[in-house]
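Peer 1: We have chain A already, so just place chains B and C on it with the hints.
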Amino acid sequence: MTVLSAHTLDRLGYGDTVIHRLDPRGKTLATLVFVLTVVSFPKYAVAPLIPLALFPLTLMILGEIPPAAILKRTAAVSPFAVLVGMFNPVFDTQPMAHIAGMTITGGWISFASILLRFLLTVSAALALVATTSFPRICQGLDAMKVPRAFIVQMLFLYRYLFVLVEEGTRLKRARDLRRFGGRHGMGLRVAASLIGVLFLRTYERAERIYLAMCARGFDGHLRLHQGLRFGPADALFVAATVAACTMLRFFPVVERLGRWAAGWT
Amino acid sequence: MHMADALLSPAVGGAFIAASGATLAFSAYRLGRQPDERRVPLMGVLGAFVFAAQMINFTIPGTGSSGHLGGGMLLAILLGPYAAFLVIASVLVVQSLFFLDGGVLALGTNLFNLGVWPCFLGLLIYRVIVGRSLQGWRMWLGACVAVVVSLELGAAGVVIQTMLSGRTDLPFGRFMALMLGIHFPIGLVEGVVTAAVVQYVWAIRPGVVENGRGLSESAAGRGALAPVVISFLAFAVLTGGVLAWFASEHPDGLEWAVAQVRGGEHTGAESPVPALERLQQKTALMPDYDFPRRGEDPSAPAGVADEAAAAIPVNVGTSVAGLLGAAITLALTTLIAAALYRFRPRSRDVSR
Amino acid sequence: MDAGKQKSAAIEVQGLAFTYPDGTEALRGVTFAVAGGEAVGLVGPNGAGKSTLTWLLSGFLEPAAGCARICGLDVCKANLAQVRRRLGVIFQNPDDQLFMPTLFDDVAFGLLNLDSDSGASSGKNKRHGRDTHAGAIEARVIEALQQVGLESERHRFAGHLSAGQKRLAALAAVLVVQPDVLVLDEPTSDLDPRARRRFIEQMQTLPQTRLIASHDLEMILDLCPRVLLLDQGVVAADGPAVEILGDAALVESHGLEVPYSLRRDHTHRFPLRGTPHEMEHRKQDARPASGGSSSPQP
Chain A
849 MTVLSAHTLD RLGYGDTVIH RLDPRGKTLA TLVFVLTVVS FPKYAVAPLI PLALFPLTLM
909 ILGEIPPAAI LKRTAAVSPF AVLVGMFNPV FDTQPMAHIA GMTITGGWIS FASILLRFLL
969 TVSAALALVA TTSFPRICQG LDAMKVPRAF IVQMLFLYRY LFVLVEEGTR LKRARDLRRF
1029 GGRHGMGLRV AASLIGVLFL RTYERAERIY LAMCARGFDG HLRLHQGLRF GPADALFVAA
1089 TVAACTMLRF FPVVERLGRW AAGWT
Chain B
434 MHMADALLSP AVGGAFIAAS GATLAFSAYR LGRQPDERRV PLMGVLGAFV FAAQMINFTI
494 PGTGSSGHLG GGMLLAILLG PYAAFLVIAS VLVVQSLFFL DGGVLALGTN LFNLGVWPCF
554 LGLLIYRVIV GRSLQGWRMW LGACVAVVVS LELGAAGVVI QTMLSGRTDL PFGRFMALML
614 GIHFPIGLVE GVVTAAVVQY VWAIRPGVVE NGRGLSESAA GRGALAPVVI SFLAFAVLTG
674 GVLAWFASEH PDGLEWAVAQ VRGGEHTGAE SPVPALERLQ QKTALMPDYD FPRRGEDPSA
734 PAGVADEAAA AIPVNVGTSV AGLLGAAITL ALTTLIAAAL YRFRPRSRDV SR
Chain C
178 MDAGKQKSAA IEVQGLAFTY PDGTEALRGV TFAVAGGEAV GLVGPNGAGK STLTWLLSGF
238 LEPAAGCARI CGLDVCKANL AQVRRRLGVI FQNPDDQLFM PTLFDDVAFG LLNLDSDSGA
298 SSGKNKRHGR DTHAGAIEAR VIEALQQVGL ESERHRFAGH LSAGQKRLAA LAAVLVVQPD
358 VLVLDEPTSD LDPRARRRFI EQMQTLPQTR LIASHDLEMI LDLCPRVLLL DQGVVAADGP
418 AVEILGDAAL VESHGLEVPY SLRRDHTHRF PLRGTPHEME HRKQDARPAS GGSSSPQP
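Chains as they are written, first to last, in our numbering: chain A, 849 to 1113; chain B, 434 to 785; chain C, 178 to 475.
Chain A extracted, bound-state conformation (with noise of 0.2 Å):
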């Protein structure tokens, strides 16, 4: 399933919009920008991540991404931070808020802090591939002067990761058909020498794409076509959410709005 999804995930990277057009190392930094400012707020701030929420959403609304499509992968996973984050509310206790009567605990207020910092860190991480394409991310980071061998490795998993998994899917439903229901075909065994075959069919195949590239010149080195324009409006939007980024971590805007708002009521 997740697989399937992720295929949908895959496709979304090769529109043109606004933002697809922009270019993978302006996008790419800008992510990261944003997500060390998630993680740099401190662990009871949840408010003052709202806004940053408009990061994500800008990329998706003008990427044109379906905003069920992410919503629902990111509800999909139980992921590890949540789990330990659940943990929270039991082990801190000490009252930070009356709200309506109600005592709200620090426990509380930093699970949701983290349940926050989750959405929006995946989320980016979700917008970056969706909006930009994962060839194009490697052709970015190639630019950035990442080590050649490590963008090839990725370039090429990347390419056969849906041939393989689909091949491993063939392979474990002539298991599932011919097991009948049983338990036996479930086994370490049996699974140890699908994984096997798997193996040495993916090692063949590796010979076979390596006489490929033989074929038409390939000498050890691989050559990428450099075709990256870094443009003015790269440089702005990267600007633009560095900006955004500093002004939201540095200045309590949210609580100079909050009390704006309580001296004009």
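No lab work stands behind these hints, which were simulated from the structure alone.
Be aware that one or more of the hints could be misleading.
For lysine to any residue, the following SDA-like pairs were computed, each having C-alpha atoms within a straight-line distance of at most 25 Å [claimed, not checked]:
no., chain 1, residue 1, chain 2, residue 2
1, A, K1020, A, G1035
2, C, K254, C, E315
3, A, K993, B, A771
4, A, K1020, B, P618
5, A, K920, B, F532
6, A, K920, B, A771
7, C, K254, A, Y1058
8, A, K920, A, K993
9, A, K920, B, L763
10, A, K920, B, P618
11, A, K1020, C, D272
12, A, K993, B, A451
Peer 2: Just chains B and C, lined up with the frame of chain A:
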């Protein structure tokens, strides 16, 4: 057990990105010194193979629940340390972007927990136990011990990174015991399956598994491996340790930097001794020790902080202001998003 | 050099033999020649040695005896780079051949490799040179993609292409370096009728020398005036496609069937229509030995 962005502080995340990034660069450099054209596509498809192998589930003996292979140790045994490390790194990048495992900042910690241990320490253990022959109990023992050790170290890494980041209130001891306990049986199963796969592959195509030497190393490189791995591990542990120490001294690197920039007006939030800090946290009226205090305002800066302040019945006004601020921000955020959605420029190509 | 190329055949094979390490004799003395611009079909039953022959021509295997020449160049280690520049190979499985993530990168792959040999000399004027250079490469890649009608898909992920598009993409990736000779291994094996037709039309427009190994005899008839019939590692027949493939006795003795379009009666260009039962009858009737399939049986 992927570490997540949401649990990390910038200092811990950054420290491990540095450590893992250095390991990655070193591995790429080592691979470059022994170029092998055939390895290029092989490593790539083996990265994809990990995802495919995870499609094949099996019943874990004695529990009735089902699991799948992690694959890190298998890659290390089949590919050798450096190539396997690169492959695992690429797998983690794809997992963080497509499968929501971990996150962009957490890549450093995850690569350290799931890559460094199996590829370097685990493989060394495996080789020492297995020796030259691939048959018999030594191979099974070697794989199991190697996987269990590297998995437990990885799990311990997750606990330590989480605690250093200070986003959770889990008691260290219990958290550690829980994680180590869970990962022991997982490691055993993974070890057995890894050994079985290696044996299967070896039985059918012995050339592929050259006595556990890995595909990526030449015969000449073999003897030199152990000292390299050991010195390298020492380096990695040292780097990680120093950085982690730094991180624990300054639980929130950015916070600390901000305090410095602000001229130490309220550096009281930063206590040099963690134990003292905890004590302060327990006893202080303001438990939120890591709130940045801003300017002349006696209350904390942001909405929640104000609620915290409201717990002390002094400043009801700011509490109201905090709630109002949160509500207004939420409304504004939604409004801006809605406006963006309404007036977004349409793409030229709608067909896709 | 060029004069020599003009004179010698595009593909020249003499006494080529090959035995796999497990003892299987794949080829036992194969001799033939293909002139420049000619299109030749390579047919034969499973295990006849068709694929082995294509591997040998591209230098992936070393012959046990005999030799192969592409454009007058011996296929051997020393000439491999030269040979591969002249020879384009389309693999049986396009997923093995399209190894780069996007179509553009894949088509550019061969070009960038080729280019690094010749373009290494450009020294000082590097920056300027590189820019115009990248532009030139892009132009050639787009041109090759236009040639197969995939220009609009150039930024798509290879995994998202249909089987037919993958075949055409593989063709573009090979054509971009302007080879003189094309060797294709089962190019239509997984294509639906429309994609197959599109591929055949594409092939018909190419000026290159073509050697096409396939079981798709109708496609061979459409594309190749001449056919080589290979069986058990030797050339069993070599001549005009219509004659060889229309010779029922010859073709059947080598495990093939006469293609429908060569059967005596052409009124049923698509005879496989009707109930499965009827179809079974027709198939049996269609065997050349038992005559045409003119009248539907009751």
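Peer 1: Taking 25 Å as the top limit, are the C-alpha atoms of K254 of chain C and E315 of chain C close enough?
Peer 2: With a Cα-Cα distance of about 31 Å, the restraint between K254 of chain C and E315 of chain C is violated, given a limit of 25 Å.
Peer 1: Holds or violated: K920 of chain A with L763 of chain B, Cα cutoff 25 Å?
Peer 2: holds, 22 Å
Peer 1: Can you confirm whether the C-alpha distance between K1020 of chain A and G1035 of chain A stays at or below 25 Å?
Peer 2: Holds. K1020 of chain A to G1035 of chain A sits at ~13 Å (cutoff 25 Å).
Peer 1: Need the status of pair K920 of chain A, F532 of chain B: alpha-carbon distance at most 25 Å?
Peer 2: holds, 12 Å
Peer 1: Would you mind confirming whether the straight-line C-alpha gap from K1020 of chain A to D272 of chain C stays at or under 25 Å?
Peer 2: Roughly 21 Å separates the two Cα atoms, so the pair holds.
Peer 1: Checking one constraint from the list: CA of K920 of chain A to CA of A771 of chain B, max 25 Å. Satisfied?
Peer 2: Since the Cα atoms of K920 of chain A and A771 of chain B sit roughly 20 Å apart, the hinted pair holds (cutoff 25 Å).
Peer 1: Has the given pair, K254 of chain C with Y1058 of chain A, been kept, meaning a C-alpha gap of at most 25 Å?
Peer 2: Holds, because 17 Å separates the two Cα atoms, which is no more than 25 Å.
Peer 1: For K1020 of chain A and P618 of chain B, compute the direct alpha-carbon distance and say whether it is at most 25 Å.
Peer 2: holds, 24 Å
Peer 1: Holds or violated: K920 of chain A with K993 of chain A, Cα cutoff 25 Å?
Peer 2: Not satisfied, since the Cα-Cα distance of roughly 35 Å exceeds 25 Å.
Peer 1: Mind checking the alpha carbons of K993 of chain A and A771 of chain B for me, to see if they're no more than 25 Å apart?
Peer 2: Roughly 38 Å between the alpha carbons, so the hint for K993 of chain A and A771 of chain B is violated.
Peer 1: Hint check: K993 of chain A vs A451 of chain B, CA-CA at most 25 Å. Holds or violated?
Peer 2: Within the cut-off at roughly 15 Å; holds.
Peer 1: Next pair to validate is K920 of chain A with P618 of chain B; report whether the Cα-Cα distance is within 25 Å.
Peer 2: violated, 32 Å
Checked against the numbered hints given earlier, this structure breaks hints 2, 3, 8, 10; the rest are met.
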